[in-house]
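Note that the numbering used here numbers the sequence shown so that position 193 is 426, with each residue one more than the last.
One or more of the hints may lead you astray.
Claimed, not checked - Below, a list of computed lysine to any residue pairs in the SDA-like style, where the Cα atoms sit at most 20 Å apart: (1) K262 - K302; (2) K393 - R322; (3) K408 - E339; (4) K279 - V299; (5) K312 - R322; (6) K262 - R378; (7) K418 - I400; (8) K418 - L436; (9) K381 - E355.
What the hints contain is simulated information worked out from the structure, not anything from laboratory work.
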Amino acid sequence: MGPAQSDYFQATKGGGHGDYRLIVLAPSKGQEMYDYTMEAFDLADKYRNPVLILADGFLGQMMEPVEIKDRPEVSLPPKDWAVGGCRGRAKRKIASYALTNEAGEEHCIQYETKYSAIRETEQRWESFCTDDAEYLLVGYGTCSRIAKSVVLNARSQGIKLGLIRPITLWPFPDKAFSDLKTKIKGIVTVELNAGQMIEDVRLAVECRVPVHLCRRQGGHMPSESEILAFTAKAFKLDLPEEV
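Construct the complete structure from the given sequences, taking the supplied hints into account.
This is how it looks when you write it as structure tokens:
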């Protein structure tokens with residue numbers, strides 16, 4: 234079974250009806266698979282919202298050491314929505330329908346308010362060598378691990394390359410690009426699909442810089458040299474050494 238990232242749209246844009254959102258966490262190693270699973274339950278509890286852990290085939294088959302940690306203490310909101318007996322309080326209802334259009338719209342607005350709060354507070358990412366970067370790679374999951382090696386290789390050859398690794402795919406970490414979009418000259422997204430995350434990257438930088446797609450599909454994984462050569466060609470960069 235080869236790796237792929239073809240389900241990005243389904244996970245981040247919604248795979249069904251209902252105008253809903255999922256919080257999507259993208260681990261890049263075994264330790265994060267473990268850590269994010271605990272965190273996913275806390276996020277789901279906090280927001281009463283589904284949380285999806287989106288990995289790929291390589292992570293699923295990889296063997297790595299994992300530290301088994303105690304679950305961290307997290308302050309979670311009271312379950313004032315739960316139907317647990319109404320002695321001494323008003324009745325509570327859990328329903329997915331509304332009997333009037335007005336009530337239905339009010340219900341939808343409540344969801345929008347929640348999603349706005351998630352966008353504001355739960356964006357997560359990792360920045361790697363971005364302080365002086367002129368060009369950026371953007372990749373998540375297994376692709377981000379390869380991209381880190383590409384960044385180090387490029388810098389050894391005088392190319393100021395950096396990496397943004399989204400940890401939350403939704404909410405997509407727009408804030409990671411807020412200071413960079415006016416400084417960098419271009420971006421390459423590294424994806425195992427026909428080009429899906431690239432749309433969110435272009436929105437994050439407000440189309441101020443060119444964004445190119447380096448992709449592989451069908452279970453193939455791009456090599457370090459392939460990504461570096463693609464980046465050099467996309468931005469007409471000279472590589473002192475063969476890649």
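Hint check results:
1. A distance of roughly 16 Å separates the Cα atoms of K262 and K302; the hinted pair therefore holds under the 20 Å criterion.
2. Note on K393 and R322: the hinted pairing is violated, with a Cα-Cα distance of about 62 Å set against a maximum of 20 Å.
3. Restraint check: the Cα-Cα separation between K408 and E339 comes to about 29 Å, which exceeds 20 Å; the hinted pair is violated.
4. The hinted pair formed by K279 and V299 fails the criterion: a straight-line CA distance of about 26 Å is larger than 20 Å.
5. Restraint check for K312 and R322: the C-alpha separation of about 14 Å stays at or below 20 Å, so the hint holds.
6. Note on K262 and R378: the hinted pairing holds, with a Cα-Cα distance of about 9 Å set against a maximum of 20 Å.
7. At most 20 Å may separate the alpha-carbon atoms for a hinted pair to count; K418 and I400 exceed this at roughly 23 Å.
8. For the proposed pair K418 and L436, the alpha carbon gap of about 16 Å is at most 20 Å, so the pair holds.
9. At most 20 Å may separate the alpha-carbon atoms for a hinted pair to count; K381 and E355 exceed this at roughly 24 Å.
When held up to the earlier numbered hints, the structure conflicts with 2, 3, 4, 7 and 9 and fits the remainder.
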